[in-house]
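**Student:** As a plain string of letters, each chain reads:
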Amino acid sequence: MAFAAKIRQLSLVMAAAGGLALSLTAQAEDTIKVGVLHSLSGTMAISETTLKDTMLMLIDEQNKKGGLLGKKLEAVVVDPASNWPLFAEKARELIAKDKVSAVFGCWTSVSRKSVLPVFEELDSLLFYPVQYEGEESSKNVFYTGAAPNQQAIPAVDYLMDKGVTRWVLAGTDYVYPRTTNKILEAYLKAKGVAAEDILINYTPFGHSDWQSIVADIKKFGSAGKKTAVVSTINGDANVPFYKELGNQGIAATDIPVVAFSVGEEELSGIDTKPLVGHLAAWNYFMSVDAPANDEFIEAWQSFIGNDKRVSNDPMEAHYIGFNMWVKAVEKAGTTDPDKVGEALIGVAVPNLTGGYSAMMPNHHITKPVLIGEIQDDGQFQVVWKTSGLVAGDAWSDFLPGSKDLISDWRAPLSCGNYNVKTAKCSGQNF
Amino acid sequence: MRLVLCLILLLPGLLCAAEVETGDAGLDAAFAQIMDSDFELKAQGIDALAATGHPKAEALLNGLFDGNLRLHRKTDRLVWAVDADGGYAITDVFSGEDLGIESSRKVRKLPINNEVRVRIQAALAALDLNSPEATRRLAAVESMLTRPDPAETAGLKARLAVETDPAVRAALEIALAVVRLGDADAEQRLDAIAALHGRLEPAVRNALQRVADADREDAVRAAASAELVRIDRENERNAMLETLFFGLSAGSVLVLAAIGLAITFGVMGVINMAHGELIMLGAYTTYLIQQAMPTLPGLSLALAIPAAFIVSGLVGIAIERGVIRFLYGRALETLLATFGISLVLQQLVRTLISPQNVPVENPEFMSGLWQINPVLSLTYNRLYIFLFSLVVFAALFVVLKKTRLGLEVRAVAQNRAMARAMGVRSERVDALTFGLGSGIAGVAGVALSQLTNVGPNLGQSYIVDSFMVVVFGGVGNLWGTLVAGLSLGVANKVLEPWSGAVLAKILVLVFIILFIQKRPRGLFPQKDRAAEV
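In order, the protein sequences belong to chains A and B.
Per my numbering, the first sequence runs over residues 1 to 430.
Per my numbering, the second sequence runs over residues 1001 to 1533.
Calculated directly from the structure, the hints in this document are not laboratory data.
In this text, all values refer to a predicted model and were calculated from it rather than measured experimentally.
Accuracy of the hints is not assured; some may be wrong.
[Claimed, not checked] Pairs of lysine to any residue, SDA-like flavour, derived with a Cα cap of 25 Å:
no., chain 1, residue 1, chain 2, residue 2
1, A, Lys273, B, His1072
2, A, Lys273, B, Ala1239
3, A, Lys421, A, Gly378
4, A, Lys308, A, Asp289
5, A, Lys273, B, Asn1114
6, A, Lys71, A, Glu342
7, A, Lys218, B, Lys1106
8, A, Lys99, A, Ala88
9, B, Lys1505, B, Val1494
10, A, Lys218, B, Met1293
11, A, Lys225, B, Arg1233
12, B, Lys1106, A, Gly378
13, A, Lys385, A, Lys218
14, B, Lys1106, A, Pro291
15, A, Lys327, A, Gly378
16, A, Lys331, A, Ala411
[Said to hold, decoys possible] Far from chain B, by Cβ distances over 10 Å, these chain A residues were calculated:
no., residue
17, Asp30
18, Gln62
19, Asp123
20, Lys162
21, Thr165
22, Lys243
23, Asp307
24, Glu330
25, Ala332
26, Lys339
27, Tyr356
28, Asp376
29, Leu413
No residue lacks a Cβ here, since even glycine has one placed at the ideal position from N, Cα and C.
Bound conformation, chain A alone (with noise of 0.2 Å):
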């Protein structure tokens, strides 16, 4: 097994190696640390390589601006593999051993409960690019992904007005799906929507035979009423899962799939011309216009050295969260992640859709929701968006536990949790 270990770190070792080429020799003795917690194996590294390449390229270009407070920043990447309690181990080798000042990693929210505690213990500052569940609000924690009220609730309600009333909610079986799949039968049901008129189906991570599941789901939308699947499937699970419909011949047209797991790098692995039409929402799609857009995409791809690479909603995340987290920096004018923590509510930073995003006190930021039906060339075309930026809610309002709840890291409340009805904080950190 030591070898096994051994290749593993060999292996690591050469991956940061290849992207830290060129930071290394800015490597001075004085440096900020930023350490980047995100799978570059097993199942999840379809998603979280990227991210781990779009930190390299911020930090990267943060450094030819010149560093932070008059120092140059250090990435350093570690692999947790997909494997959930490895997560939490390297979040403690990063801020215990190699004294990052913040940290920018995680996707399943599985990962991110494993390594709370460990922000929490060692208080350091955790930022988390991914759409999820919502119902957290840690003190050491920024969410810049979408919390429910920012992705899935909208998304439903573009449905609804397109006529759908059976609804499929299909998803990966842990934490994410499960929660976003209560918070939106609470909804759905509050609509009006009938409980046979709810099919809810939950697959393990990677599965790959799809067949009786989107036979299923055939069955179910053939009963004559509108109906539209709502996908919280994670990770690789979702090429298969895409290849059953187009070959079952599930057209958009019939029973529409809208993803909120699904963006422009997981299709980039399928052909998408049978799957023309299905929707996804995100906050960010590579085919919005907007100069920002623009000038991201260009210094991405000529970062990875491939024109042919496309950006996503998490990168995009991570773009909004990597500014901040340097605009807090400025503002407290240290690296301390107390400080910096207080710093960053309110902090806004350009958006790529063409606006700006605000830090809220929630520890969750504004942003716009987008709506995209899938292209024949692997991108997503805008077909509806909101009119404004939506602020993100920590505690959803369709949830009975946590209708009560709100969440504000400032003083003098400095709670995550605090019952409005009880008017008491419930003293746990997140």
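Place chain B on chain A using the hints.
**Tutor:** Quick look at chain B alone, frame taken from chain A:
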């Protein structure tokens, strides 16, 4: 109206300026709406376009649907865009003038959404209803049947009056019978129910359900209910057939993955944890061959089968000669050593190719489905892989039972010392047997590349299942592997709709554990002297 809107809202010039000149007033009006950014207006524009009866209307609708119809930004002309080096080769839609090659930024797609797509499909079906080709007429009627629209009734009736093709006539009568279910005259409704006898289309069932629930006349309700009972019985039968097919196809994947292991583990007794990675190597071989000949996915898949056999087989022989032969009889050490090899192979692929999954294309004949009746259809990729697994099984069976190598393999497996005394070079046989098992794993990889993600972790998801199948079937018995694989697949698929995918897996595993307690040697225990030892 639109002009007024533009003026009032001061919409950006882009939206209002993109007026196209088509030389036809009707088309101009239709395209004024299609060019709008509002999808509602676009959908109305589609109907207007279809209603113009312009000779190019059908081509224009198809172009909108496929995205070949684009707007040349500079000249505001509608053009046909075809992929070419450096962008699109464009030609004017109306004059046919060749406008050369423009970069993709300069030819704008006319964005459509799902609702507009539905409208285009409906409009095309209405146009096709009077097409001179019977197959297109039939397709049009069938597409209308899936989305019944009262507005189409007149068109259907008019067509039925002149239709001569019997198949199209039958389809038209069905479509009209569905309409007649809503007729004011009870006799007509009863007659319609009789006409729909024997149909399974979901649209027919839904229409009958509405009648059975809400009709005013008892007799009509009863007739509809009786018909519904018959449809549901038919559907149930079809659902069972479908589940059986899903199970067999899932089982055939298990058989493919496990059959190589049935040789290395079953016959030789080597616990080879790197078996999954040998499958993975086969899948990557498919990928690499496809990269070498990107235009011929069908041929590259055919070539990948022998290539994957050779690649995985050679790697297998190297593993046997390099590591395993020093560890015969020490099961635990073999297990650890081969587990190490599996990690090395995974990392090798990660470093040499990519840590990300690689896309393997499905050739044309592997996609799509075979529609047996309106509620039962089989996907081609699963069907071919099921047949392929049977072919692989038969080939392996013949090799083991009918060839010199097979004879030697069985001899060594049964009694090594005796075989050696008879002049069998047991070391060579060991290497070839392991190579054969590994090569079959590679061939399984080719099949899996058509179904699932090809990535460094591909093998890990199959290794446990493979061992499960071999142990369940009875170690050392090829028939056992076949029966065990197929029955586990069917069991999984029968349980899945009832318990969910996660629980189905657990239940199957629990069942196997209990079964092994009762019958430790599996379904088909080997009855020879070697097995007694």
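**Student:** Are there hints from earlier that the structure breaks, and if so, what are their numbers?
**Tutor:** 2, 3, 7, 10, 13, 15, 20, 22, 28
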